[in-house]
Every structure is written in structure tokens, then in C-alpha cells.
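> Protein sequences, first through last, are from chains A and B. End of the first sequence sits at 251 in our numbering; the numbers just go up one at a time, nothing left out. End of the second sequence sits at 397 in our numbering; the numbers just go up one at a time, nothing left out.
Just to be clear, a hint being listed does not mean it is correct.
What the hints assert, rightly or not - Now the stretches of chain A that chain B is said to cover, found in silico as 3 or more residues with beta-carbon under 8 Å:
1) 76-83
2) 114-121
Said to hold, decoys possible - Heads up, simulated SDA-like pairs for lysine to any residue below, C-alpha to C-alpha not over 25 Å straight-line:
3) Lys314/B with Thr118/A
4) Lys314/B with Asp203/A
5) Lys304/B with Ala224/A
6) Lys304/B with Thr109/A
7) Lys304/B with Thr91/A
8) Lys314/B with Thr117/A
9) Lys314/B with Glu116/A
10) Lys304/B with Met120/A
11) Lys175/A with Arg380/B
12) Lys304/B with Arg106/A
13) Lys304/B with Glu75/A
14) Lys304/B with Arg89/A
15) Lys304/B with Glu112/A
16) Lys314/B with Ala111/A
17) Lys304/B with Glu105/A
18) Lys304/B with Ala87/A
19) Lys314/B with Pro206/A
20) Lys304/B with Thr117/A
21) Lys314/B with Glu112/A
22) Lys304/B with Val122/A
23) Lys304/B with Thr90/A
24) Lys304/B with Pro206/A
25) Lys304/B with Glu116/A
26) Lys304/B with Leu77/A
27) Lys314/B with Asn114/A
28) Lys304/B with Ala207/A
29) Lys314/B with Arg108/A
30) Lys304/B with Ala96/A
31) Lys304/B with Thr118/A
32) Lys304/B with Leu104/A
33) Lys314/B with Ala83/A
34) Lys304/B with Gly113/A
35) Lys314/B with Arg107/A
36) Lys304/B with Leu110/A
37) Lys304/B with Asn102/A
38) Lys304/B with Arg74/A
Note that these hints are calculated values from the structure, not bench results. All C-beta atoms, glycine included, are put in the ideal place defined by N, C-alpha and C.
Below are the chains, spelled out letter by letter.
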Amino acid sequence: MKIDELEKLESEDVSTITLEERRKFLKLGLAITGVYLGGSVLSLTSVKSAKANSGVVVEPGDYPYNPHYSMIIRERLCVDCEACKEACRTTNNVPAYGYRTNILERRRTLAEGNYETTFMPVLCNHCNRPPCVRVCPTTATWKDEKTGIVVMNPDRCIGCKTCMTACPYNARYFKEETRAVDKCNFCFDTRLSKGEQETACVDACPADVRVFGNLADPKSRVYALVHQPETMVWVLRPETGALPNVYYTNA
Amino acid sequence: MKHILLFIVLGAFLLAGALLHATNVQQPTEPEIAAEEYDEDEFGPYDPIIWEKPVKAVIFDHKVHTMEAGLDCDSCHDDLFEMEAGVAQEAEDFTMASLYDGSYCGACHDGSTSFASDTRCTTCHIGVRGHARLVGGGADASASSH
Numbered sequence: 001m002k003i004d005e006l007e008k009l010e011s012e013d014v015s016t017i018t019l020e021e022r023r024k025f026l027k028l029g030l031a032i033t034g035v036y037l038g039g040s041v042l043s044l045t046s047v048k049s050a051k052a053n054s055g056v057v058v059e060p061g062d063y064p065y066n067p068h069y070s071m072i073i074r075e076r077l078c079v080d081c082e083a084c085k086e087a088c089r090t091t092n093n094v095p096a097y098g099y100r101t102n103i104l105e106r107r108r109t110l111a112e113g114n115y116e117t118t119f120m121p122v123l124c125n126h127c128n129r130p131p132c133v134r135v136c137p138t139t140a141t142w143k144d145e146k147t148g149i150v151v152m153n154p155d156r157c158i159g160c161k162t163c164m165t166a167c168p169y170n171a172r173y174f175k176e177e178t179r180a181v182d183k184c185n186f187c188f189d190t191r192l193s194k195g196e197q198e199t200a201c202v203d204a205c206p207a208d209v210r211v212f213g214n215l216a217d218p219k220s221r222v223y224a225l226v227h228q229p230e231t232m233v234w235v236l237r238p239e240t241g242a243l244p245n246v247y248y249t250n251a
Numbered sequence: 252m253k254h255i256l257l258f259i260v261l262g263a264f265l266l267a268g269a270l271l272h273a274t275n276v277q278q279p280t281e282p283e284i285a286a287e288e289y290d291e292d293e294f295g296p297y298d299p300i301i302w303e304k305p306v307k308a309v310i311f312d313h314k315v316h317t318m319e320a321g322l323d324c325d326s327c328h329d330d331l332f333e334m335e336a337g338v339a340q341e342a343e344d345f346t347m348a349s350l351y352d353g354s355y356c357g358a359c360h361d362g363s364t365s366f367a368s369d370t371r372c373t374t375c376h377i378g379v380r381g382h383a384r385l386v387g388g389g390a391d392a393s394a395s396s397h
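Using the sequences provided together with the hints, build the complete structure.
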């Protein structure tokens, strides 16, 4: 290497970079960041999933169905009398080993060693994007186009139980009698299609915990409760992005 | 010299162990009153009363009301409740609506003497699950067999 030639070369260390050049470099970085940010906000995320992350309650007027059957559960009023469960059993011929609706229980510790029990009624959430429907290999379960109810055709079910695994709410069970998976259908075949306005569980509840109705109808009670001011409305497991139609409140 | 070092190390270990053990000891808690020490003649039956009508299931604990809250037998008997367990639930008016009007439990659970009947539901309503836990039975067994 020729040292004398090297010594004539201009230094390339940072001290020789002008202020102008530094600014240009920073601007380029900002521009790239801006393009990425703008892209992910504006174009890379579809409107549908952007909405899914904005909140658990759909904006009025955006309900995909009419009637958009939905249930809101006033959780703190539930006393686990299980009249709903019994009514469901008799109405929908549910065997003893399974359930279409269930009551869960949890405990919260209060001051001075006391505790408070909360009972949580659960059932099929009739999701707007039902994971169970997506995984069914024989299209034995689907989302009813008119009412939004997630229905089952037991004749088409091969009993692979994939839907039971896919359901985030554990709302499906395998019915030995029909050799098919069974689930809540808001009493569509047993009551709603016969002109009844409420499901069997709602009818049986002595504490008015469950409120059922058409969410697309602004005059319905379920609409009023879901859009009630000064309270909180939540759903179970919102992170799955399934957009459930069973809401919970303490109002 | 070596021996002294060994003793010091061992001593330090033992001391540390003893200190850790001492801080770990549970604070003595209020001993639960055993069934034998509880005077049923003075405070009423030891076992809780469980109502199953009109909804399953509601618990009433004599101990909480007499021994802990200081009520006498004649605070409730025989005006509000018969002495015989389970008589009240056969009555037509043994409902929450009656309680709000000051009958039965509602005589005290009115919001001023004690918490109001239309609040803190699950304090008394233990449900089918709570009932199954207390008396045992099929309700819980069938619920968990999915």
C-alpha cells in the first residue's frame, strides 16, 4: 500500500459531513417512516379489521342483519338458579351431559377477607365472524343470512368436532343421540319460528338477567341496553376478533 | 484458623436460615369456631338454612346473624320466621317483592339496618353451584362432565 497516496485522500469520517447533508439524511429517514406508518394505517389494514379493533359494540346502523338477533346479559343480577338451563333442556331436548347455555362462577376477594361471587351466564355468541363456521369441512354449520343466527344441520355433521375446538366460547357439545354437534340457535326452530318473541332461557329467567331482541331495531330493549349511557358493555374474549353478539353489562 | 472460618460460615448459614424461618411464620389467625364450641341453644342451628324455593338456592347462616351480628332469637322468631326450618318457602309471598316491602329478610335488609335486598344478590343467593358444594349432589357433577 502506498502511504503517501493514502495521505492525499480526503477524510471520510463524520467530522467532514456538512449540516446540510445531515439534515437530508434525517429527512430521508422520516420520509421512509412516514410511508410505512401511512401505509399500515390507510391501506395495509382492511376497513373491516380496523373496525373490529375499535370496540366491541357495533355502531348503530352497521348491523349486518335484520332482525339482528342479539342478547345482552345483566351479569350482576344472575343468582345461578339455573332456571334458564332447565328451560333450555326441556325446550331443545338437551341431554344431561351437555349444555347449550351454562352458568360460570368466579370469586373476587373484597376487604377484610370477604369475597363476592359473580355468576356469568354463557351461551353461543352467534359471532359475526364465527370461527366454528370457518373450520367446518362439510358446511354443516353456517351463519343464517337473514337473522345472523349460527345454525347447525345435524344431518350434514360428520362429528369431527373441529368446530368445538374452534369455538372460543366452548358453546358446542357432541350429542350422542344424533351423532352430531349441537349448539344454541336462539331457539330458532323451537320458538322463534313459531312466532315466540323470546328464547326459552330469557322466558325462564326470574331476575330479568337475559334480554333478547333485534339489535337492528332502535326501539328494542336490547338496543337500549347496549347503547345505554354511563355504563359499560363488554363481550367475552374480544381478542379473538369473532365479533360476538352476546353482550354483558351491569346496568 | 480453618476451623474458625468453618464455624463462622456455618453460623452465618444457620442464622440466615433461622431469620428466614422466623419471617415466614404465619401470623396467628382468628381460630374458626368449631362445631363443639358453638352453642346452638344460644345462637341457633350451626348448619346453615338453605331455601330452595322459589329459586335455588339461598343460604341463611344463624352464626353470622346471632353470634357475629348480635341478634337475639326473638328478633326474627316467630314474627318474621317460624322456628321450623323451611316453612317460609312454602308461603306464596316468599318472594323478592315481599322483601322489598319489608317482609321476611327485608325487615332488616332494607338498606339502613343492613344492606338492601335488591343489592349484593350473591351474598345470599349461592345458586345451584353453591348448593351442590354444600350438600353434594348431582348438579355440579353433571355440569363438569362435558
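> The structure should be examined with respect to each hint, and the outcome stated for every one.
Structure-based check of all given hints:
Beta-carbon proximity to chain B at under 8 Å applies to 8 residues in the region 76-83 of chain A; the threshold of 3 is reached and the given coverage holds. Judged by the Cβ-Cβ criterion of 8 Å, the region 114-121 of chain A is covered by chain B as claimed, because 4 of its residues qualify and three suffice. Taking the CA atoms of Lys314/B and Thr118/A, the gap is near 24 Å; set against the 25 Å cutoff, the hint holds. Restraint check for Lys314/B and Asp203/A: the C-alpha separation of about 37 Å exceeds 25 Å, so the hint is violated.
Pair hint Lys304/B plus Ala224/A does not hold up; C-alpha atoms about 32 Å apart against a cutoff of 25 Å. Distance check on the hinted pair: Lys304/B and Thr109/A sit about 28 Å apart at the alpha-carbon level, beyond 25 Å; violated. Distance restraint check for Lys304/B and Thr91/A: the Cα-Cα separation of roughly 22 Å lies within the 25 Å cut-off, and the hinted pair is therefore satisfied. Of the pairs offered as hints, the one joining Lys314/B and Thr117/A holds, with about 20 Å between alpha carbons and a cut-off of 25 Å not exceeded.
With a C-alpha separation of about 19 Å, the suggested pairing of Lys314/B with Glu116/A holds against the 25 Å cut-off. A distance of roughly 21 Å separates the Cα atoms of Lys304/B and Met120/A; the hinted pair therefore holds under the 25 Å criterion. With a CA separation close to 24 Å, the supplied pair Lys175/A and Arg380/B stays within the 25 Å bound. Between Lys304/B and Arg106/A the CA atoms are separated by roughly 24 Å; this keeps the pair inside 25 Å, and the hint holds.
Of the pairs offered as hints, the one joining Lys304/B and Glu75/A holds, with about 22 Å between alpha carbons and a cut-off of 25 Å not exceeded. Between Lys304/B and Arg89/A, the direct Cα distance comes to roughly 20 Å. Compliance with the 25 Å bound is thereby established for this hinted pair. As the CA atoms of Lys304/B and Glu112/A are separated by approximately 31 Å, the hinted pair breaks the 25 Å bound. Among the hinted pairs, Lys314/B with Ala111/A is consistent with the structure: their alpha-carbon atoms are about 20 Å apart, no more than 25 Å.
Of the supplied pair hints, the one linking Lys304/B and Glu105/A holds, its CA atoms being roughly 21 Å apart against a limit of 25 Å. Pair hint Lys304/B plus Ala87/A holds up; C-alpha atoms about 17 Å apart against a cutoff of 25 Å. For the suggested pair Lys314/B and Pro206/A, the alpha carbons sit about 29 Å apart, so the restraint of at most 25 Å is broken. A C-alpha spacing of about 20 Å is found between Lys304/B and Thr117/A, which places the hinted pair at or below 25 Å, so the restraint holds.
Distance hint between Lys314/B and Glu112/A is fulfilled; the C-alpha atoms sit about 18 Å from each other, no more than 25 Å. Distance check on the hinted pair: Lys304/B and Val122/A sit about 24 Å apart at the alpha-carbon level, within 25 Å; holds. For the given pair, Lys304/B sits about 20 Å from Thr90/A by alpha-carbon distance, which is consistent with the 25 Å threshold. Restraint check: the Cα-Cα separation between Lys304/B and Pro206/A comes to about 12 Å, which is no more than 25 Å; the hinted pair holds.
A hinted pair counts as satisfied when its Cα atoms are at most 25 Å apart, and Lys304/B with Glu116/A qualifies at roughly 23 Å. For the hint pairing Lys304/B with Leu77/A, the CA-to-CA distance comes to about 18 Å; that is within 25 Å, so the pair holds. Distance check on the hinted pair: Lys314/B and Asn114/A sit about 16 Å apart at the alpha-carbon level, within 25 Å; holds. At most 25 Å may separate the alpha-carbon atoms for a hinted pair to count; Lys304/B and Ala207/A meet this at roughly 14 Å.
The straight-line distance between the Cα atoms of Lys314/B and Arg108/A is roughly 23 Å, inside the 25 Å bound, and the hint therefore holds. For the given pair, Lys304/B sits about 22 Å from Ala96/A by alpha-carbon distance, which is consistent with the 25 Å threshold. Among the hinted pairs, Lys304/B with Thr118/A is consistent with the structure: their alpha-carbon atoms are about 21 Å apart, no more than 25 Å. A threshold of 25 Å between alpha carbons decides the hint, and for Lys304/B with Leu104/A the separation of about 21 Å falls inside it, so the pair holds.
Taken as a hint, the Lys314/B and Ala83/A pair is broken in the structure, with Cα atoms around 30 Å apart against an allowance of 25 Å. With a CA separation close to 30 Å, the supplied pair Lys304/B and Gly113/A exceeds the 25 Å bound. Annotation: proposed proximity of Lys314/B to Arg107/A holds, straight-line Cα distance about 22 Å (limit 25 Å). At most 25 Å may separate the alpha-carbon atoms for a hinted pair to count; Lys304/B and Leu110/A exceed this at roughly 29 Å.
A threshold of 25 Å between alpha carbons decides the hint, and for Lys304/B with Asn102/A the separation of about 21 Å falls inside it, so the pair holds. Distance check on the hinted pair: Lys304/B and Arg74/A sit about 22 Å apart at the alpha-carbon level, within 25 Å; holds.
The earlier numbered hints that this structure contradicts are 4, 5, 6, 15, 19, 33, 34 and 36.
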